[in-house]
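Visitor: Listed below, chain by chain, are the residues.
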Amino acid sequence: MDKRIDESQVRKVAKLARLELSDVEVKEFAGQLSAILDYVARMNELNTEGIEPLAHCLAVNNVFREDIAKKSLGTEKTLANAPQRDGAFFKVPKILEEP
Amino acid sequence: MDWPSAKQLRDKIKTGEVGSVTATREVFARIAKAEPIVGAYISTFEEAALDKASEVDRRIAKGESVGQLAGVPIAIKDNMCTTFGTTTCASKILENFQAPYNATAVAKLLAADAVIVGKTNLDEFAMGSSTENSGLKRTANPWDTKRVPGGSSGGSTAAVAAGLCYAALGSDTGGSIRQPASLCGVVGLKPTYGRVSRYGLVAYGSSLDQIGPVTQTVEDCALLMSVIAGYDPADSTSIDEQTAPVGDYLAKLDEPVKELRIGIVPSFNAGADEQVRNAVDEAIKAYGNSGATVLEVDMPHLDYAIAAYYVIATAEASSNLARYDGVHYGHRTQEPNDYIEVYTKSRAEGFGKEVKRRVMLGTYALSSGYYDAYYLKALKVRNLIRGDFVRAFESCDCIMMPVSPTTAFKIGEKIDDPLKMYLSDIYTIAANLAGIPAISVPCGFDNGGLPIGLQILSPAFGEEKLLRIARMYEKQTDWHKKRPLITDE
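From first to last, the protein sequence lines are chains A and B.
Take any residue in the first sequence, count from 1 to its spot, add 66: that is its number in our numbering.
Take any residue in the second sequence, count from 1 to its spot, add 1242: that is its number in our numbering.
FYI, nobody ran anything at the bench for these hints, they're computed from the structure.
Mixed in with the good hints, there may be bad ones.
From the derived model, a few chain B residues whose C-beta atoms are all more than 12 Å from chain A [said to hold, decoys possible]:
id: 1; residue: Asp1386
id: 2; residue: Ser1449
id: 3; residue: Val1536
One-sided and incomplete, this derived list gives chain A residues near chain B with beta-carbon spacing under 7 Å [what the hints assert, rightly or not]:
id: 4; residue: Ser100
id: 5; residue: Ala101
id: 6; residue: Ile102
id: 7; residue: Val106
id: 8; residue: Leu120
id: 9; residue: Asn127
id: 10; residue: Val129
For every residue, glycine included, the Cβ atom is placed at its ideal position computed from N, Cα and C.
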């Protein structure tokens, strides 16, 4: 049966979502996501020509405030849950490649 | 066993008739007995709760003024940030996370002198309809412990139903307050989008999420709303006082709505189990007997609500959950080979299956080539659904329908079929898409003694009238006074 989303697509999406999946998970998700996408496709029964997309229910836009510095968390609170820290820095594996 | 409502307890505490310490001790005694079976709480704060309770009692004895929830033991769903204890979202990825600030709704409860009992269990990151997706523990329905309490606020509703707190906060993105409230026989309200601040509510679907009360009675619901509703500058999606002032939810609560017009959608209700349908029909008949007019309203797009929701909510979730990357907080994988593996492995290890599924679905729906067909299409369908409500409310004051197509299902019954689980939300989801308020009130029990809820939906920011409508029915019935047997054992 032709799946709506196949295993190679699942791997692509997993990469975008920064999720490492096992081969078993990839297969399982391909089946489940296909079934869900099949159901979701019923929206195509509706003619939405000329209908505006509604991302947000409130007529509230561009909520600004004055650009004045206010009290913020501070370094200690901000780093309190850090898996690895180095003083005021969150520590992570090297990002830049060796030249 | 019996216990008073939150407001009744508050009133007794304020007059000194009952001490908050006594009430809090009783709650923890019930917790000690019931929790091994019900499992509503992820964490509890007995010592801090008793400290707060005695502080409140002391201030009252001195004649000092106290807040609206003075001394009342209240529970908080564990997806709301608290500076005390942990905020886990029932996920391994946040199992030890200690939030650096209190959610605004929590801060308001504290300012009202509530006693915080603990943080309740939920489906991981609020994604689910049974609380079975919790990455940390199982919660059972107090009415039948082989059955689910519903979700995602199953811990909160189970706790209120079993007297393990006097009221609780839940959150609702697709029905997560109303559905478990209905399955647990308690009152649950999803406020209008923007009515209650989302600051400190861990985001799942930002255009859909709302914090709301889970209570024993409609009056308690009004009381809690009085405390938590209102504009918050820290939440740019909260509505300002000019556009929609917070009403006085308690003042006229007992005043019936004259010439009430109730809209129903019979074809839509047909999808519910027979006993659920009958109980809901009987409840609507009771309104009719009191003088309300019941009329059919045409809402042709409700059938597409689930499809639109599972694109929009998952798309928003894929963005909101990108922050759980093992870098700043939460679980980090032990030995990443490079920085990318910090993300991919931490998330793989920390997230449960349902969360991964929804993140994947949302990522797919937003990805290049699929964005128009799925996400944009869903947003247009959302507009059509909102249009259905706008039109319907031209001819009626509220719409009534079931909350859940079934009563509480067995643990494990739907967990292997994601789509089957999603269809539990069929009656609740549209209110989130349209941003309107909706409440679940107990309206009976099935032959197995399982609770059934009646759902009442109203126009945006119509909570004052909605609560009065709900109160009209509650006054005539005593479903809400029944207690699950587990509280007797």
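Visitor: Now tell me, hint by hint, if it's right for this structure.
Guide: These are the hints, each one checked on the structure:
no.	hint	in the structure
1	Asp1386	holds (28 Å)
2	Ser1449	violated (5 Å)
3	Val1536	holds (27 Å)
4	Ser100	violated (10 Å)
5	Ala101	holds (6 Å)
6	Ile102	holds (6 Å)
7	Val106	holds (5 Å)
8	Leu120	holds (4 Å)
9	Asn127	violated (10 Å)
10	Val129	holds (4 Å)
Of the hints listed earlier, those the structure fails to meet are numbers 2, 4, 9, in rising order.
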